[in-house]
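Asker: Here's the letter readout for the chains.
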Amino acid sequence: MLNYLRSKFPRRGEKPKVILAPAKDQNVIDVLFKAVELDICRPVITGNRELLAEVAQKYGPAVSELELLEQPGDFESIKLAVSMIKDNRADILVQGDTGHNDFLNLVLDPEKGLARKNSCSYISLLMSPKDNRFTMITDTFIHTLPNLQEKYVIVENALRLASMLKIDKPKVAVLAAIEKVNPRIVSTVDAAVLSKMSERKQFGDAIVEGPLDIDCATSREAAARKKLDSVVPGDVDIYVVPNVESGYAFSQMLAFIGKMPHAGVLAGTVKPVVVNVPFIGFEEKVAEIILSTMLL
Amino acid sequence: MINDFAGIYQLAKEKGPGKLVVLAPEDREFMNAVKIARHEGYVEPIFIGNLEKMQIAAEGLDFNIDQIKKVFLNDPQEIADYGIAMLFKKETDLVSKGQIPTSYIYRAVIKEEQKRGIKNNISVTSLLEIPGCDHIVAVTDVGVNITPDYEAKAEIIKDAVSLMNLLGYDFPQVVVLSANRGYGPTLQSYLDAQRLREEYGDGNGGFEIRPEHSVAELFDSVKVSPPHVFLAPELDTGNIMAKLNYVIPVKRCATLLCSAGPVAIPSRSDFTESIVRDMALGAVLAARIKEKNIGLKI
Numbered sequence: 001m002l003n004y005l006r007s008k009f010p011r012r013g014e015k016p017k018v019i020l021a022p023a024k025d026q027n028v029i030d031v032l033f034k035a036v037e038l039d040i041c042r043p044v045i046t047g048n049r050e051l052l053a054e055v056a057q058k059y060g061p062a063v064s065e066l067e068l069l070e071q072p073g074d075f076e077s078i079k080l081a082v083s084m085i086k087d088n089r090a091d092i093l094v095q096g097d098t099g100h101n102d103f104l105n106l107v108l109d110p111e112k113g114l115a116r117k118n119s120c121s122y123i124s125l126l127m128s129p130k131d132n133r134f135t136m137i138t139d140t141f142i143h144t145l146p147n148l149q150e151k152y153v154i155v156e157n158a159l160r161l162a163s164m165l166k167i168d169k170p171k172v173a174v175l176a177a178i179e180k181v182n183p184r185i186v187s188t189v190d191a192a193v194l195s196k197m198s199e200r201k202q203f204g205d206a207i208v209e210g211p212l213d214i215d216c217a218t219s220r221e222a223a224a225r226k227k228l229d230s231v232v233p234g235d236v237d238i239y240v241v242p243n244v245e246s247g248y249a250f251s252q253m254l255a256f257i258g259k260m261p262h263a264g265v266l267a268g269t270v271k272p273v274v275v276n277v278p279f280i281g282f283e284e285k286v287a288e289i290i291l292s293t294m295l296l
Numbered sequence: 001m002i003n004d005f006a007g008i009y010q011l012a013k014e015k016g017p018g019k020l021v022v023l024a025p026e027d028r029e030f031m032n033a034v035k036i037a038r039h040e041g042y043v044e045p046i047f048i049g050n051l052e053k054m055q056i057a058a059e060g061l062d063f064n065i066d067q068i069k070k071v072f073l074n075d076p077q078e079i080a081d082y083g084i085a086m087l088f089k090k091e092t093d094l095v096s097k098g099q100i101p102t103s104y105i106y107r108a109v110i111k112e113e114q115k116r117g118i119k120n121n122i123s124v125t126s127l128l129e130i131p132g133c134d135h136i137v138a139v140t141d142v143g144v145n146i147t148p149d150y151e152a153k154a155e156i157i158k159d160a161v162s163l164m165n166l167l168g169y170d171f172p173q174v175v176v177l178s179a180n181r182g183y184g185p186t187l188q189s190y191l192d193a194q195r196l197r198e199e200y201g202d203g204n205g206g207f208e209i210r211p212e213h214s215v216a217e218l219f220d221s222v223k224v225s226p227p228h229v230f231l232a233p234e235l236d237t238g239n240i241m242a243k244l245n246y247v248i249p250v251k252r253c254a255t256l257l258c259s260a261g262p263v264a265i266p267s268r269s270d271f272t273e274s275i276v277r278d279m280a281l282g283a284v285l286a287a288r289i290k291e292k293n294i295g296l297k298i
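Each protein sequence line maps, in turn, to chains A and B. Just so we're aligned: 2 in my numbering is position 2 of the first sequence, and the numbers increase by one with no gaps anywhere. Just so we're aligned: 288 in my numbering is position 288 of the second sequence, and the numbers increase by one with no gaps anywhere.
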């Protein structure tokens, strides 16, 4: 995924400043400096004195544009990073080794943070090793059980990423337990509404289809067996899941059993934020920084 | 212990044919599956459904269904009720869904279970054959319980464990899945997982609850092996996990193991190969129930 992104989407313009907060975990620090080595960005590190000294010793000689900002605590580090981004002194925020609640509650705060109200969602991005095709699954982190309005935002955010990745006329499957609209099952009704909005071109060129159960979404033949006539089944770019439980399991099944390289993108912030989600490989974490530069 | 689906086919052949009632084999893929399962010696079918539709489904398949015993019914609920009642009366070893919505079958099974006061809850378990994994992996519940509570989850685990026991897994390891990710409020699935681990942690239920909660934890490391059973937090998750065979190289089959025996639960979108597998699994489970004499006492 990393090499593909680098070759397909070379950096344009000035190298952005990426601020890591708080810098504690060596793996995330190494990821950032790998991105620096690949000429993707300039590093800004916040953390305590001891750690900054270690970073300076290890990377200082080779990295001329290294900026080190001392902050004793995690919360102070994140706060400083957010304020720097808001003041345009840095461009991209990367989460270091800190709890998601601490980090995201501050980052997603509509007043103090980097997000507008209800604007964010998380997209798992998987790549087929066979043909390098991207598949997105969303929302796999932020919304536990999104309502229709939130699903609308989730679709819009995914479509923005699809456009960045130059996916032409993206096909979106809105998943539900069954492929028929059942007024008692909210996910089927939400999916039908989104599908109708798509029919009226409210999502531009994208084709949003739903409700689709997973077998209909993933196979045109299976959909045909259920008498479903649509161009989306078997050719999906974006899966919108009904809840985080299913999104979590779905993306991990594809990543770990399907062995598809995978990364994640937090979408909808005013400036890019890279969330430190576990189980993402080293190269894919570097790829996440490239993806974040594309969001600028 | 049956490690893969080849083992299921082999045993189905050895132990078969089991007497199979097919509920509405009114579709070509289902009819073809019955033909093959019969030819392989897994099952000896009885059909319940609409004669004309069954005849049309069999057309061109080189399958003479005149010799097959049939019960003629049209209403899907009547079809399900009749077939499931046969299972509970021991007039058949197993049942398979044909081209009728599953809800009719669930209703029929629950009615029979409640009549006898045996089970309050039923569930559908999918079995996956995953490349590189040295055993079959069960995912449950993939069919019945939309948002199971703690008590229902305990019942669902026990159903899957009974199924795995019949396949030779004496002390299955169970992973209770949760998307608890350290952001937002603690999920109910995580609280249920903790409670299940406390309740059954010492193995007193005949199974082990493992500490992991995600697929990633189990397939990311060579040091950790996948469990025998995944308990899904809710139905959407179970359904998605069980039906990824079109996008990742897994094979699957599914069954509802009620107290009277197995009911094969193919999806309406399944093709012949997968439906045959469901029937073979049902035949194996029915044979094992007979051998162990653990079926319903009537």
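Note that these hints are calculated values from the structure, not bench results. It should be emphasised that the depicted structure is a prediction, and the values quoted were computed from it without experimental measurement. Any given hint could turn out to be false.
Stated by the list, open to error - Result set (DSBU-like, lysine-lysine): computed pairs, CA atoms no more than 30 Å apart in a straight line:
#1 A/Lys130 x A/Lys79
#2 A/Lys196 x A/Lys166
#3 B/Lys115 x B/Lys35
#4 A/Lys226 x B/Lys19
#5 A/Lys259 x B/Lys111
#6 B/Lys89 x B/Lys53
#7 B/Lys158 x B/Lys35
#8 B/Lys53 x A/Lys226
#9 A/Lys171 x B/Lys251
#10 A/Lys180 x B/Lys53
#11 B/Lys89 x A/Lys227
#12 B/Lys35 x B/Lys19
#13 A/Lys34 x A/Lys79
#14 A/Lys226 x B/Lys70
#15 B/Lys290 x A/Lys227
#16 B/Lys19 x B/Lys251
Claimed, not checked - Footprint (simulated), chain B over chain A, 3 or more residues, beta carbon under 8 Å:
#17 5 to 17
#18 187 to 198
#19 222 to 229
#20 236 to 244
#21 250 to 261
Cβ atoms here follow ideal geometry from the backbone N, Cα and C, with glycine treated the same way.
Asker: Do the alpha carbons of A/Lys226 and B/Lys19 lie within 30 Å of each other, as the hint requires?
Answerer: 28 Å, holds
Asker: Taken at face value, is the distance from the CA of B/Lys251 to the CA of B/Lys19 at most 30 Å?
Answerer: Given that 30 Å is the threshold and the Cα spacing comes to 25 Å, the pair holds.
Asker: Does the alpha-carbon distance linking B/Lys53 and A/Lys226 stay inside the 30 Å limit?
Answerer: With Cα atoms ~17 Å apart, B/Lys53 and A/Lys226 stay inside 30 Å; holds.
Asker: Given the hinted pair B/Lys158 and B/Lys35, is their Cα-Cα distance within 30 Å?
Answerer: Answer violated: B/Lys158 to B/Lys35 is near 33 Å, above 30 Å.
Asker: Are there three or more residues in the stretch 222 to 229 of chain A whose C-beta lies closer than 8 Å to some C-beta of chain B?
Answerer: holds (count 4)
Asker: Taking only the CA atoms, is the gap from B/Lys89 to B/Lys53 under or equal to 30 Å?
Answerer: Holds, because 27 Å separates the two Cα atoms, which is no more than 30 Å.
Asker: Examine the stretch 250 to 261 of chain A: at least three residues should have C-beta closer than 8 Å to a C-beta of chain B.
Answerer: holds (count 8)
Asker: Would the hint linking A/Lys226 and B/Lys70 be met if the CA-CA limit is 30 Å?
Answerer: 26 Å, holds
Asker: Between the alpha carbons of A/Lys180 and B/Lys53, is the straight-line distance 30 Å or under?
Answerer: Since the Cα atoms of A/Lys180 and B/Lys53 sit roughly 23 Å apart, the hinted pair holds (cutoff 30 Å).
Asker: Counting residues of the stretch 236 to 244 of chain A whose CB is closer than 8 Å to a CB in chain B, do you get three or more?
Answerer: With 4 residues close enough to chain B, the hint holds.
Asker: Straight-line Cα separation of A/Lys34 and A/Lys79 no greater than 30 Å?
Answerer: 25 Å, holds
Asker: Measure nothing beyond the straight line between the CA atoms of B/Lys115 and B/Lys35; if it is 30 Å or shorter, mark the hint as holding.
Answerer: 34 Å, violated
In summary, the structure is inconsistent with hints 1, 3, 5, 7, 11, 15, 17, 18 from the numbered list given earlier, while agreeing with the others.
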